[in-house]
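Listed here are the chains, written in short residue letters.
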Amino acid sequence: MGRLFWKFFLTFWLTLIIVAIVVGSGVRLRYLSSDNADVQQPLLDHHAEMFISPIASLAQHADSDSFKRYLAESQSFQGMKVYVLDVNDHDLLDRPLEAELIDEVKRQFQLYGNKGSVRQVTTPQNQQLFLFAVKLDKLLPGANKPPMPPPPFAGKHNGPPPPPPPLLLLITVGIVASLIFSGLLAWYFTKPIRHLRNAFTAVSQGKLDTRISGVMHNRKDELTELGLNFDDMVSKLQGLISSQQQLLYDVSHELRSPLARMHAAIGVAQQQPEKRQQTFERLENEIKRISDLIGELLMLSYVENTDNLHSGEKINFPELMNEIIEDTRYEADEKNINISFENSPSFLIVGFEELLRRAIENIIRNAIKFSPPTSSISVVMTETNEQLSLTISDQGPGVAEEYLPAIFNPFFRIDKQSNDSSGLGLAIALRAIEKHNGAITATNKTDGKGLIISINLPL
Amino acid sequence: MEKILIIDDDIELTSLFEDYLVKEYFFVDIAYDGSTGLEAALSSKYDLIILDMMLPDMVGTDLLVKLRQKSTVPVLMFTAKGDDLDRIIGLESGADDYVEKPCSPRELVARIRAILRRVKPQSATGNESRQTLHIGPLNLSSSSRKASWFKRDLNLTSVEFSLLEALAQQAGQVVSKNNLSEHALGRKLVRYDRSIDVHISSIRRKLDQHKDERSYIQTVRGKGYQLIKGE
Numbered sequence: 000m001g002r003l004f005w006k007f008f009l010t011f012w013l014t015l016i017i018v019a020i021v022v023g024s025g026v027r028l029r030y031l032s033s034d035n036a037d038v039q040q041p042l043l044d045h046h047a048e049m050f051i052s053p054i055a056s057l058a059q060h061a062d063s064d065s066f067k068r069y070l071a072e073s074q075s076f077q078g079m080k081v082y083v084l085d086v087n088d089h090d091l092l093d094r095p096l097e098a099e100l101i102d103e104v105k106r107q108f109q110l111y112g113n114k115g116s117v118r119q120v121t122t123p124q125n126q127q128l129f130l131f132a133v134k135l136d137k138l139l140p141g142a143n144k145p146p147m148p149p150p151p152f153a154g155k156h157n158g159p160p161p162p163p164p165p166l167l168l169l170i171t172v173g174i175v176a177s178l179i180f181s182g183l184l185a186w187y188f189t190k191p192i193r194h195l196r197n198a199f200t201a202v203s204q205g206k207l208d209t210r211i212s213g214v215m216h217n218r219k220d221e222l223t224e225l226g227l228n229f230d231d232m233v234s235k236l237q238g239l240i241s242s243q244q245q246l247l248y249d250v251s252h253e254l255r256s257p258l259a260r261m262h263a264a265i266g267v268a269q270q271q272p273e274k275r276q277q278t279f280e281r282l283e284n285e286i287k288r289i290s291d292l293i294g295e296l297l298m299l300s301y302v303e304n305t306d307n308l309h310s311g312e313k314i315n316f317p318e319l320m321n322e323i324i325e326d327t328r329y330e331a332d333e334k335n336i337n338i339s340f341e342n343s344p345s346f347l348i349v350g351f352e353e354l355l356r357r358a359i360e361n362i363i364r365n366a367i368k369f370s371p372p373t374s375s376i377s378v379v380m381t382e383t384n385e386q387l388s389l390t391i392s393d394q395g396p397g398v399a400e401e402y403l404p405a406i407f408n409p410f411f412r413i414d415k416q417s418n419d420s421s422g423l424g425l426a427i428a429l430r431a432i433e434k435h436n437g438a439i440t441a442t443n444k445t446d447g448k449g450l451i452i453s454i455n456l457p458l
Numbered sequence: 000m001e002k003i004l005i006i007d008d009d010i011e012l013t014s015l016f017e018d019y020l021v022k023e024y025f026f027v028d029i030a031y032d033g034s035t036g037l038e039a040a041l042s043s044k045y046d047l048i049i050l051d052m053m054l055p056d057m058v059g060t061d062l063l064v065k066l067r068q069k070s071t072v073p074v075l076m077f078t079a080k081g082d083d084l085d086r087i088i089g090l091e092s093g094a095d096d097y098v099e100k101p102c103s104p105r106e107l108v109a110r111i112r113a114i115l116r117r118v119k120p121q122s123a124t125g126n127e128s129r130q131t132l133h134i135g136p137l138n139l140s141s142s143s144r145k146a147s148w149f150k151r152d153l154n155l156t157s158v159e160f161s162l163l164e165a166l167a168q169q170a171g172q173v174v175s176k177n178n179l180s181e182h183a184l185g186r187k188l189v190r191y192d193r194s195i196d197v198h199i200s201s202i203r204r205k206l207d208q209h210k211d212e213r214s215y216i217q218t219v220r221g222k223g224y225q226l227i228k229g230e
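Sequence lines, in order, name chains G and X. Using numbering that gives the first Met the number 0, you'd call the opening residue of the first sequence number 0 and step up by one each time. Using numbering that gives the first Met the number 0, you'd call the opening residue of the second sequence number 0 and step up by one each time.
No wet-lab data here; the hints were simulated from the structure. Remember, predicted model here, so these are calculated numbers, not experimental data. The C-beta atom is built at its ideal place from N, Cα and C for all residues, glycine as well. Treat the hints with caution; some may be incorrect.
Simulated restraints, written as ranges between beta carbons of each label pair [as the list claims (entries may be wrong)]:
(1) X/K44 - G/D332: 26 to 34 Å
(2) G/R2 - X/V173: 37 to 45 Å
(3) X/Q130 - G/E401: 53 to 61 Å
(4) X/D56 - G/Q386: 38 to 46 Å
(5) G/Q276 - X/V64: 40 to 48 Å
(6) G/N337 - X/Y191: 56 to 64 Å
(7) G/E280 - X/Q68: 38 to 46 Å
(8) G/R2 - X/V64: 57 to 65 Å
(9) X/K44 - G/K334: 52 to 60 Å
Construct the entire structure; sequences and hints are all you get.
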């Protein structure tokens, strides 16, 4: 049970106790003062109602003389007597009445209207009359209190109220019930939080396959959403970490090959000193390979760590393309490869110049590498309002369909024996283009003679 | 002149090894992929195979399993340094020993020699009792390097035979793993080296269980292994 549980628990419990004290003392005060006749009772006083209703309807329909006669002759009923007031608050039979009683009756009329022992009626002569019944026993001589009208709502039995249950029992039951209730409520609220906490602990201990939507699925609230978000986050982390681990594994294997060759070359030089010069050249080559590989790895990590586009700069794209084509032309000339490119008037795009340069350069260099001598590479740039598309197509052997999606993976090589590339060029290109929210795809030419790489960048 | 087949896809590396081994008076052939390598290895022309675990067309262990179905030729595998799992899987698939890559050619030659020395049928220098050993149902012939179990021929690799031979020569006694390693592999055990354990468990699989379900080769924890004497 964590601290949060106790906080929830105490809050709920204190609230319940305070509410119980407030309500309980209110009820008890009313209970204690229920000796006074004006305490509302839940049930309608049927006797008063039955007594006054016929008189009220008579007042509405009979003429005033016969009504007065009836009123004078009418007997008291179960100790109740009816008074009838005109608009000036005079009793029709001129019986004396205390102003206090009249005020009380009027107050009850305002509160409850034509109910219980009070009625307001209009006679056929259009006279407003006010009827009410009072208990005769209250008028007994010697009674201190003025006659009071029976309440509009009164208990069925007029006996003394039952004694209240003992206070101690009430308090004990209340405390136990509120303890159980607050405990359950706090447990219900903190359960998903406990699940979350356990999951966080598991993840921080490296168990990245932890998922919690399974244990929280029967709830449907914000905490469940939090659990789903957590699962989402962990699976993304898991993917990220496993791709990093794969990269690390690949890198160590990539580094091992040149090292193994260096080790072997040194052994040969020791055995055959006349081959020393050859060995030095070999070692130099291998060192260059390792250092290239490390350079490319740093580039890859630079691409991945470059901030999002907000900090990008404005780049004159056609100018950048010109520079790239010029740079690669040197290598292309060595194989007598012609690069065709038609530039368009300058326009600006927002991005990272170095990343875009690397991406496009890597793709063109790749095309040069796989092109047969004396062939051509065509670079086509089309620009619409929303996007820029660039296709680079060569006349090389293309890539078998099943390998097409894999060519952007780090260290993927179709020819496993080729050692003259780091194996990271297209992986860097992919990440650089993705950094610009663009897409890069590879397809074979329909006639199977060459590979087309297309880049789409949003403008 | 011993004939060695190297199965590895790294052209430059293999040519360097070839260069070195030829000078050490070995005959060297090279196969750059698994399928041609397996075919050549099965031709039983070679005294020893050096096998890289990462081949372009198949995993080294798969090749090894296929090779072991038909041949007991000694196999030395190249493993990546630090990849213990790879090494154990390789030994379990029937490799005799391993060399970590990168390694110096001198180390490679030492390993090759150590294995070839064990494999060679021993010349008739020892007395007759050293030539054949009878331990219960087990028969070992040191001259022909053949073993039989309840008169059934055991298909042991050379290292497995050497291990069983070392245990049989001291049957009933505990033989330390280090002694076993020196006898069978011609080298001392290194840290985290599970080679002997892997080879022993492979021998156990080839021998039947004892009547009371014990293995004939007992593990003595922290000390070594012991072949049960008698019956």
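Within 26 to 34 Å or not, the Cβ separation of X/K44 and G/D332?
Between X/K44 and G/D332, where Cβ atoms are some 49 Å apart, the hint is violated.
Consistency of beta-carbon spacing, G/Q386 to X/D56, with hint 38 to 46 Å:
holds, 41 Å
Could you see if the CB distance from G/N337 to X/Y191 stays within 56 to 64 Å?
Distance hint for G/N337, X/Y191 holds at roughly 58 Å.
Using the Cβ atoms, figure out if X/Q130 sits within 53 to 61 Å of G/E401.
holds, 58 Å
Is it true that G/R2 and X/V64 lie within 57 to 65 Å of each other by Cβ?
Given about 58 Å between the Cβ atoms, the range holds.
Between the beta carbons of G/R2 and X/V173, is the distance compatible with 37 to 45 Å?
violated, 58 Å
Is the distance from the Cβ of X/K44 to the Cβ of G/K334 consistent with 52 to 60 Å?
Violated - the Cβ-Cβ distance for X/K44 and G/K334, about 42 Å, lies outside 52 to 60 Å.
Determine whether the Cβ-Cβ distance between G/Q276 and X/V64 falls within the hinted range of 40 to 48 Å.
Given range 40 to 48 Å: holds, Cβ gap about 44 Å.
Outcome of range test on Cβ distance (G/E280, X/Q68; 38 to 46 Å):
holds, 44 Å
Hint violations for this structure: numbers 1, 2 and 9, all remaining hints satisfied.
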